[in-house]
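**Q** Letter by letter, the chains look like this.
Number of protein chains: 2
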Amino acid sequence: MVKKIKQINWVYLAGFLDGDGSIYVRIKPNNTYRYGFQIAPSVVFFQSAKEKQKIEKLQKIYKIGYLRDRKDGITEWVIGDEKSIRLIIENTRNFLHLKQKQAQLMLEVLDRKKLIKTEKEFIKLAKNVDRFRELNYSKKRKKLLAP
Amino acid sequence: MVKKIKQINWVYLAGFLDGDGSIYVRIKPNNTYRYGFQIAPSVVFFQSAKEKQKIEKLQKIYKIGYLRDRKDGITEWVIGDEKSIRLIIENTRNFLHLKQKQAQLMLEVLDRKKLIKTEKEFIKLAKNVDRFRELNYSKKRKKLLAP
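Protein sequence lines, in the order shown, are assigned to chains A and B.
Counting in the numbering used here, the first sequence runs from 4 upward without gaps.
Counting in the numbering used here, the second sequence runs from 4 upward without gaps.
No incorrect hints appear here.
Which copy is meant is left open, so a pair is good if it fits within one copy or across any two.
Restricting the straight-line Cα-Cα distance to at most 20 Å, the calculated cross-link-like pairs of lysine to aspartate or glutamate (EDC-like) are:
hint	residue 1	residue 2
1	Lys-104	Glu-54
2	Lys-104	Glu-59
3	Lys-53	Asp-133
Treat the hints as calculated values from the structure; they're not laboratory data.
Next up, chain A with everything else stripped away, as it sits in the complex (with noise of 0.2 Å):
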């Protein structure tokens, strides 16, 4: 049986991802997809790594995603799979005070994703994924936004 995440909890992360949180979408180049680029969204926090064990346990309260350590110092909690970044969006999306376009365009962009059936409809997505770069501009996250 899934245990099912208290509301409190989801505030809580609304208020963390407010604060610590990105929300965006990459466009990658990659062959093997049908139009040459890979959609690739994430949610990601970002906490010095003596953190660590503190992000860990945060992670196991939501079961989502995982811990990636960078070479300088920070470790990530990426989520990057479309489920998990539906369930922390939706479920977040309510108590947000800062990143609600981000959210709203996240979830626009997943439910458009999967509807793709030409190059045209593929270009228009990505320049709509493009607007997340104006929303998350700040000189704190200049290093994300790089393609």
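Starting from the known structure of chain A, arrange chain B on it as the hints suggest.
**A** Just chain B now, with coordinates in the frame of chain A:
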């Protein structure tokens, strides 16, 4: 009548504090103070200036602190008076996952600060304040820790 802040808002703020906030105390040289130093506690949130309106809205929910625009494009939400610091720490501490130790230490410092009667006690407290340094140290927040 003061409208009571709902628990859900404190839970959100706990997440936001864990993600974006900083809890620290500075010891500032100041000759108008008895022992030549001022003990200055703070809870601060940091966002890109382009999020200023959203942070203003948040500030209006909790009615504590003030906004400050830094020259580097960061807007700070600064909570520096002891009453407001107690309010935020006491209401968020049970929901924190990352900054529980800092919250605990802040309350200890605020409690002991009032009771200082000798220079020896002052120095002991100043040493305790120094523990924030190890708790808060991270690449991301290096700049904040300079005294």
